[in-house]
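Peer 1: Keeping their order, the protein sequence lines are chains A and B. In terms of our numbering, the first sequence has 93 at position 93, counting the first letter as 1, and numbering is strictly consecutive. In terms of our numbering, the second sequence has 172 at position 172, counting the first letter as 1, and numbering is strictly consecutive.
Wrong hints could be hidden among the right ones.
[Unchecked claim] Calculated pairs, DSSO-like style, for lysine-lysine (alpha carbon to alpha carbon, straight line, at most 27 Å): (1) 92(B) / 114(A); (2) 114(A) / 141(A); (3) 70(A) / 92(B); (4) 174(B) / 14(A); (5) 15(A) / 5(A); (6) 193(A) / 228(A); (7) 174(B) / 164(A); (8) 14(A) / 28(A); (9) 70(A) / 28(A); (10) 70(A) / 128(A); (11) 5(A) / 114(A); (12) 102(A) / 128(A); (13) 70(A) / 194(A); (14) 128(A) / 228(A); (15) 141(A) / 164(A); (16) 4(B) / 15(A); (17) 102(A) / 114(A); (18) 14(A) / 92(B); (19) 5(A) / 193(A); (20) 193(A) / 239(A); (21) 102(A) / 174(B).
The set of hints was computed from the structure by calculation and includes no laboratory data. Since the structure is predicted, the reported quantities are computational estimates derived from the model, not experimental observations.
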Amino acid sequence: MTIIKTNNLNLWYKKFHALLDVNIPIEKNSITSIIGPSGCGKSTLLRTLNRMNDLIEGIRMTGEILIENKNILLPGTDLVSLRKNVGMVFQRPNPFPLSVYKNITFGLEIHNIKSNDTLDNIVENSLKSVLLWDELKDKLKSHALNLTLEQQQRLCIARLIPVKPQILLMDEPCSALDPIATGRIEELMFELKKNYTIVVVTHNMAQAARVSDDTGFMLLGRLVEFNKTSKIFTNPEKKETEDYITGRYG
Amino acid sequence: MNSKLTQKIAFSFLFLCALITIAPVLLIVVIIVVNGISAISWDFLTTSPTNGMRSGGIFPAIVGTFYLAAGATVISLPLGVMGGIYLSEYSKDNFFTRILKLGIVNLAGVPSIVYGLFGLSLFVIYLKLGASLVSGCLTLAIMALPAIITATDAALSSVPQSFREVSLSLGATKWQTIRHAVLPHALPGIITGTVLSNARITGETAPILFTVAAFYLPHLPGSVLDQVMALPYHLYVISTQIPGISKSTTYGTALVLIAFTLSLNLFGIIIRTHLRRQKKW
Numbered sequence: 001m002t003i004i005k006t007n008n009l010n011l012w013y014k015k016f017h018a019l020l021d022v023n024i025p026i027e028k029n030s031i032t033s034i035i036g037p038s039g040c041g042k043s044t045l046l047r048t049l050n051r052m053n054d055l056i057e058g059i060r061m062t063g064e065i066l067i068e069n070k071n072i073l074l075p076g077t078d079l080v081s082l083r084k085n086v087g088m089v090f091q092r093p094n095p096f097p098l099s100v101y102k103n104i105t106f107g108l109e110i111h112n113i114k115s116n117d118t119l120d121n122i123v124e125n126s127l128k129s130v131l132l133w134d135e136l137k138d139k140l141k142s143h144a145l146n147l148t149l150e151q152q153q154r155l156c157i158a159r160l161i162p163v164k165p166q167i168l169l170m171d172e173p174c175s176a177l178d179p180i181a182t183g184r185i186e187e188l189m190f191e192l193k194k195n196y197t198i199v200v201v202t203h204n205m206a207q208a209a210r211v212s213d214d215t216g217f218m219l220l221g222r223l224v225e226f227n228k229t230s231k232i233f234t235n236p237e238k239k240e241t242e243d244y245i246t247g248r249y250g
Numbered sequence: 001m002n003s004k005l006t007q008k009i010a011f012s013f014l015f016l017c018a019l020i021t022i023a024p025v026l027l028i029v030v031i032i033v034v035n036g037i038s039a040i041s042w043d044f045l046t047t048s049p050t051n052g053m054r055s056g057g058i059f060p061a062i063v064g065t066f067y068l069a070a071g072a073t074v075i076s077l078p079l080g081v082m083g084g085i086y087l088s089e090y091s092k093d094n095f096f097t098r099i100l101k102l103g104i105v106n107l108a109g110v111p112s113i114v115y116g117l118f119g120l121s122l123f124v125i126y127l128k129l130g131a132s133l134v135s136g137c138l139t140l141a142i143m144a145l146p147a148i149i150t151a152t153d154a155a156l157s158s159v160p161q162s163f164r165e166v167s168l169s170l171g172a173t174k175w176q177t178i179r180h181a182v183l184p185h186a187l188p189g190i191i192t193g194t195v196l197s198n199a200r201i202t203g204e205t206a207p208i209l210f211t212v213a214a215f216y217l218p219h220l221p222g223s224v225l226d227q228v229m230a231l232p233y234h235l236y237v238i239s240t241q242i243p244g245i246s247k248s249t250t251y252g253t254a255l256v257l258i259a260f261t262l263s264l265n266l267f268g269i270i271i272r273t274h275l276r277r278q279k280k281w
């Protein structure tokens, strides 16, 4: 089932045409990766999905982004509920300079979420779902910036869970991590796929090949090719895709 | 000349310059302490002046200065912080904002007597508040504002952009983001800026000269519309208007005044070090 679909999505930064007629379908409970050289628009595309680009002045968009058949580009779209539904993990792990515990309860506090569960239970479940509970159960009060980068990135994912998103956007989530930590985050992504739809932007083609079900290749603002990951990496249809994945540029 | 010798000369010269800059400060403090310490007693701090201010204490002036500092802070802190939040978080970078920022910077450089005259014409005369505690606090607050706004703006700007992004991406509104993800982390800078700027204005004479300060008042103010005595003005009065006053009384008053502002400064620095220790980014 398709959960996100863009129809002829165009985006301009002032005069610069950053996305050109992008049509991408994203399957529910799958991992979709977007690859392409620097500046191709892959992060821009990702950040349209929770309207984070709105923060940049001089942005203009046309076309449609349908999330569960609702066009989120329509004026009057409730950005708060959109962003609750579509969580984001950033390139650099960016926990707040607070305790582990407070990082996880931040989302609950701002949304004033009342739940039958106690805060302690929510923190425990969130940490368990990112496989961090055993490491951190005795360090809940310790400062989040004292954790390793990998733990910080996991914590950033855990921080999203109490807000109950359906979709997780990941913008090069492993680029600040070493290969072993990267492997462990990838394992976590497989685990999360059961409950969430994941869209990941990555520079690392091996990562895209390892983790994702579908892959989109972007070049100069266009989605050149979109297909099953196995197809893209073994038998791409377009010459540009082949050139990129065989390392001729990028 | 060989390079080691050049370096030695340069270092000595720079050290000398540093020494020359702090020497006057130390000298002032030493002179005031040596001459004034003998006047300091419990009675001096807790009684009113007597005998045409030639004897007795300076209690009303201490209380007046305390009221002025507190009142000015109560007025300037919320105004300045909110103005700083607007400038840093909400205002767009356009012609109007740049003019506003330029104005604030220039306001910080306006001579204090101009603030005094401004307070006289606006609060004392036009708004008919008279020479009173409220006029004086308002005048001092206006004088403190530029520093507080600038400190707030700078403290907020130094909070990493990623904090705002994360908070917004979690579905927080702009105000929630500022309130929960930005302001708490800017607090050390804001508090320090406020305390330091208010420590400075408590020592000012010109702004209170026409707006609040009383030459002599045997009692404490009963309402915000009363005049008060204040340490800087009292010091000015006893050192220029009262012939035959003992040297230790004037120096003692000066000592109390600098102790007052220095302890405010110290307080600001302590808060800053304490909060900075918790800050890790």
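Peer 1: So, for every hint listed, does it hold in this structure?
Peer 2: Quick rundown of the hints versus the structure:
| no. | hint | verdict |
| --- | --- | --- |
| 1 | 92(B) / 114(A) | violated, 36 Å |
| 2 | 114(A) / 141(A) | holds, 22 Å |
| 3 | 70(A) / 92(B) | violated, 31 Å |
| 4 | 174(B) / 14(A) | holds, 23 Å |
| 5 | 15(A) / 5(A) | holds, 25 Å |
| 6 | 193(A) / 228(A) | holds, 16 Å |
| 7 | 174(B) / 164(A) | holds, 20 Å |
| 8 | 14(A) / 28(A) | violated, 33 Å |
| 9 | 70(A) / 28(A) | holds, 15 Å |
| 10 | 70(A) / 128(A) | violated, 32 Å |
| 11 | 5(A) / 114(A) | violated, 32 Å |
| 12 | 102(A) / 128(A) | holds, 16 Å |
| 13 | 70(A) / 194(A) | holds, 23 Å |
| 14 | 128(A) / 228(A) | violated, 31 Å |
| 15 | 141(A) / 164(A) | holds, 23 Å |
| 16 | 4(B) / 15(A) | violated, 57 Å |
| 17 | 102(A) / 114(A) | holds, 16 Å |
| 18 | 14(A) / 92(B) | holds, 16 Å |
| 19 | 5(A) / 193(A) | holds, 18 Å |
| 20 | 193(A) / 239(A) | violated, 31 Å |
| 21 | 102(A) / 174(B) | holds, 20 Å |
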